[in-house]
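**Q** Listed below, chain by chain, are the residues.
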Amino acid sequence: MDIPQLPLADWIDSALEILTDQFAGATRTISSFIETGIDAMVNGLMWPPPWVVIGTFTLIAWRVAGIRVAIFTVIGLGLLWDLQLWYPTMQTLTLVTIATLIAVAIGTPLGVVAALSRNAYRVIFPILDFMQTMPAFVYLIPAIPFFGLGPVSAIFSTVIFAMPPAIRLTTLGIRQVPPDLVEAADAFGSTKAQKLFKVQLPLAVPTIMAGVNQTIMLALSMVVIAAMIGAEGLGGKVWTAIQRNEAGMGFQAGLAVVILAMILDRITQRIARGNKPV
Amino acid sequence: MSSDQAPKIAVRSLTKVFGSEPEEALALLTKGLTKQQIYEQTGQAVGVANATFDAFEGETLVIMGLSGSGKSSLIRCINRLNEPTAGEILIDGEDITRLHQKDLLSLRRKRFGMVFQHFALFPHRTIRRNTEYGLEIQGVAPEERRDRALKALKRVGLEGWEDAVPGQLSGGMQQRVGLARALAVDPDILLMDEAFSALDPLIRRDMQQELVALQSEMHKTIVFITHDLDEALFLGNRIVLMKDARIEQIGTAEEILSSPATPYVERFVEEVDKSKVLSVSAVMHAPSTVAYPTDGPRTVLRKMEEHGFSLLCVVDPDHTHRGIVRDEAALASAQRGEKSIRGIIEPGIPPVAPDAPLRDLVPVLAEAPMPAPVVDEGGKLLGVVVRASLLRGLATGAPGNGAEPAEKAA
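Chain order of the listed sequences is V and E.
Residue 179 in our numbering sits at position 179 of the first sequence; the count goes up by one each step and never skips.
Residue 76 in our numbering sits at position 76 of the second sequence; the count goes up by one each step and never skips.
Just so you know, not all the hints are guaranteed correct.
What the hints assert, rightly or not - Derived lysine-lysine pairs resembling PhoX-like cross-links, with alpha carbons at most 25 Å apart: (1) E:303 - E:380; (2) E:31 - E:243; (3) V:198 - E:151; (4) E:102 - V:195; (5) V:198 - E:102.
Stated by the list, open to error - Here's a subset of chain V near chain E, in silico, CB distances under 10 Å, partners left out: (6) 175; (7) 176; (8) 178; (9) 181; (10) 189; (11) 199; (12) 203.
The set of hints was computed from the structure by calculation and includes no laboratory data.
We treat Cβ as the ideally placed atom computed from N, Cα and C, and that holds for glycine.
Sequences are here, hints too, so could you generate the full structure?
**A** What follows is the structure in structure tokens.
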């Protein structure tokens with residue numbers, strides 16, 4: 001028996017079409033803005049010789065995360081340079097950095113709102129469930145009509161894919177501030193803003209940073225997938241390797257992603273843990 | 001603390017119901033249903049039912065009850081951390097239940113200091129920045145708040161710890177910071193919610209003594225919550241006893257111990273088994289001076305003057321207890337030109353044995369403001385018990401400060 005099919009796909013298409021038309025100006029502005037940012041950062045990273053960049057990262061790793069992470073950083077990045085993967089690695093690093101910055105800039109305030117308002121929580125959290133269970137590839141499709149093929153579309157879908165932990169862990173971090181500390185802040189007559197900025201947010205920082213760490217990891221995995229819609233970098237290398245059936249080249253690029261992920265992970269994890277009281 | 005003075009805090013028919021339909025619970029409360037019955041019928045939890053009491057300036061008012069009695073809900077109504085469901089709370093005559101948010105914040109900032117059971121120090125701030133918190137949110141300039149915080153820390157004996165973080169301090173020290181944080185804003189009213197309950201017994205006793213010492217300088221209005229009768233007896237000028245959201249009795253330590261208003265209070269008081277177990281000898285101390293029947297009135301007056309007493313115990317040369325002599329009687333006797341005080345000796349409080357239970361003295365000392373003599377089987381004076389050392393003994397089970405152990409003195 002045939003029942004009439006709900007034209008869900010058509011509705012979504014026409015909704016997207018309307019959105020694309022309506023916001024063409026805005027998307028073009030955002031697009032060129034982000035593109036400028038990407039170019040500037042990639043050029044900035046490529047301008048000094050690679051050993052300078054490797055040295056800088058190693059120094060940061062050493063200061064933040066200790067000698068072992070520093071040794072791993074110098075060997076790992078040195079290997080990538082040697083494998084002729086320096087340029088795609090810097091491209092991927094740029095995409096991850098910019099996508100993470102945008103995701104955190106949007107996600108943290110949303111997380112705060114969801115923590116403080118029950119209604120906001122009821123709206124935001126189901127959307128997060130939706131965002132996280134939707135197959136990541138689906139985000140690639142609407143990105144193209146909005147921003148065209150290329151790195152901006154990649155960043156758009158990466159931001160959507162990587163933002164949920166930034167929101168979730170901000171909310172969690174604020175909600176798990178011990179209630180007696182919140183009560184103490186109230187008892188001394190704190191306004192809501194004073195309570196938030198002097199007590200709740202500072203105490204939530206380790207959890208928020210754990211969210212940032214997860215966002216970075218998700219962003220890294222997504223910029224590889226986003227190679228399908230024109231993101232360059234290590235993902236692009238993997239994508240080319242798939243098309244040409246070159247397992248060795250694909251593995252090299254994949255290894256580069258792993259090395260980059262481990263360096264970023266160790267450094268941000270350490271930042272999350274190492275908060276000193278003032 | 002006299003009753004003709006206007007109360008600092010006046011709580012009038014205060015009721016707090018936790019739940020979505022407090023009206024229903026209020027109606028049942030006026031019908032006289034208990035907290036338990038109301039919860040079963042409506043699902044509304046009554047925190048405080050129809051509480052009325054006063055707290056006066058300079059007074060330490062202890063609200064005592066077991067957990068679930070509503071004492072924590074009550075103290076939180078006083079600064080509206082809990083929004084009262086019905087009733088009034090007057091601070092210096094102003095009903096604060098009607099204040100708007102802005103005035104409420106300013107009331108909390110300037111008038112109240114609060115100390116919490118589990119300290120509630122901010123772990124991300126140093127001791128100094130914790131102490132500054134109240135001043136910081138008032139917008140006090142950094143220099144000034146630093147000075148005031150350091151002063152408050154000095155007051156609680158934590159000089160030199162200002163750059164430590166709460167995690168580095170012991171429980172007792174953390175609660176000193178809690179106290180300093182509350183004192184830094186120089187509030188009129190200190191709300192102390194089970195402030196010493198999380199501390200181990202020795203530290204706890206130190207803190208109680210220190211609070212009494214601080215209070216004798218500061219004359220704040222302190223509302224102190226505890227579940228511990230010993231602590232209540234030691235700290236409280238007056239005690240409010242709560243059970244199942246209602247106030248059972250309000251009174252001084254003596255009143256509550258000697259005439260419990262309800263069977264519940266009686267049972268509660270019996271919990272202070274120390275007063276039954278503890279004997280008179282534990283709290284008595286040797287009189288620093290005595291009068292002899294052969295002494296002339298002027299000699300007796302000089303002895304009184306030297307030691308700052310208004311009456312002395314009279315003993316025979318072999319230390320047999322004879323009675324007491326008062327200063328006004330000695331003065332009159334001196335004016336009459338009498339040679340000895342034989343004629344003006346009064347019996348005073350009947351002597352007690354050193355192994356008599358301490359509790360027997362409670363009604364006696366509540367009545368008469370004079371020392372109770374402790375005598376041995378032969379009627380010889382061993383020592384005296386004064387009201388302060390009795391209460392101290394009841395509160396802590398140990399002799400009072402400055403009193404020498406009886407055996408040594410005798």
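**Q** What are the numbers of the hints the structure violates, in ascending order?
**A** The structure breaks hints 6, 7; every other hint is satisfied.
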